[in-house]
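Participant: Sequence:
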Amino acid sequence: MEKSRRMPRIGNRVAPEIEQKVLDYSLQFPTHGQTRVANELKKAGIQISAGGIRSIWQRHDLTVRSQRLKRLEKWAAENTEVLTESQVQALEAAKEEKESYGEVESPHPGFLLAQDTCYVGTIKGIGRIYQQTAIDTHSNVGFAKVYREKTALTAADLLNDKVLPFFDGHSIRVHRVLTDNGPELCGRQDSHPYELFLHLNEIEHTRTRVRRPQTNGAVERLHQTIQDEYYQVAFRKKLYHTIEEIQADLYAFMEQYNTERTNQGRYCQGRTPLQAFMDGLNLYQRHVYEGLETDEAA
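Position one of the sequence shown corresponds to residue 1 (the numbering used here), numbered consecutively onward.
FYI, nobody ran anything at the bench for these hints, they're computed from the structure.
Careful, some of the hints might be misleading.
[Said to hold, decoys possible] Label-pair distances were calculated between CB atoms; the ranges are:
#	residue 1	residue 2	range
1	I18	E204	58 to 64 Å
2	V288	D24	47 to 53 Å
3	D228	N181	41 to 47 Å
4	G121	Q189	41 to 47 Å
5	Q47	Q189	36 to 42 Å
6	L196	Q67	49 to 55 Å
7	D228	A15	54 to 60 Å
8	K238	L200	35 to 41 Å
Every residue gets a Cβ at the ideal spot worked out from N, C-alpha and C, and that includes glycine.
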């Protein structure tokens, strides 16, 4: 006798209107967890469990908070409606969290510069050598200069001597700089040479999370590139007698890095840093000048 086959059991699914309520709430409060969402909806007379919330999120790829925040970012970019205070707070918090972990948005050259200090080593006949390093986080165009000491003055000198002249030569302003909390990079704005330099040049200063220097990822990677491809090779091939000799060869390496070495970064995508920088000039024009005109018209 042929056995009857049981039909596969289809799991319970919430009504479409309740699912939409969950999606609407998650757009309004993307940082709330599934239990909080269930409790808040219950107060509004909508009965759904935390597990039900999670099932809806899974169907719409919203299980992780970052996914819900990306949905809000996408919605905000596509709609002209005014964001609520909770949505604005969520987006600002997400931006700060990304930056603190090294995940930075950099839509055009000059939007964000990352800077850091590294210890190169003690060279016989020369002494201790420190390097100031900076990188444009959009194009990955890099700058590096060696010094005998690690101070706020040397940090400001790199910007004054190398970075700002380069950007000025392309009529681009550096809007913001990201650093760690090192004493040469942080202090009172009215007395700390580096902070004062940033203030006088109208450059905003953002700091990474305390005790997490690795969160300044772009400049850390440039440090490693210079260490692996320049210092480890140069110090084996040549005996340096002055810091000026080291600097001359470092300048030559940075020229090669910026103009010849392809980069796989998020915005470079196989181009050299200088190519990415030049290709990004129109993005700067669109974001800065067109955005300024829009603000003034409003």
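Participant: Looking only at beta-carbon atoms, does the pair D228, A15 fall within the given range of 54 to 60 Å?
Facilitator: Roughly 59 Å apart at Cβ, these two residues keep to the hinted range, so it holds.
Participant: Evaluate the given range 41 to 47 Å for the C-beta pair formed by D228 and N181.
Facilitator: For N181 against D228, whose Cβ atoms are near 26 Å apart, the range 41 to 47 Å is violated.
Participant: In this structure, is the beta-carbon distance linking K238 and L200 contained in 35 to 41 Å?
Facilitator: Because 39 Å falls inside the window, the suggested range holds.
Participant: If you check the beta carbons of L196 and Q67, does the distance land in 49 to 55 Å?
Facilitator: Between L196 and Q67, where Cβ atoms are some 42 Å apart, the hint is violated.
Participant: Holds or violated: the 41 to 47 Å window for the beta-carbon distance between G121 and Q189?
Facilitator: Because 33 Å falls outside the window, the suggested range is violated.
Participant: With 58 to 64 Å as the target window, see if I18 and E204 comply at their CB atoms.
Facilitator: violated (44 Å)
Participant: Could you see if the CB distance from V288 to D24 stays within 47 to 53 Å?
Facilitator: violated (35 Å)
Participant: Given a hinted range of 36 to 42 Å, is it respected by the beta-carbon distance of Q47 and Q189?
Facilitator: violated (54 Å)
In this structure, the hints that do not hold are numbers 1, 2, 3, 4, 5, 6, in rising order.
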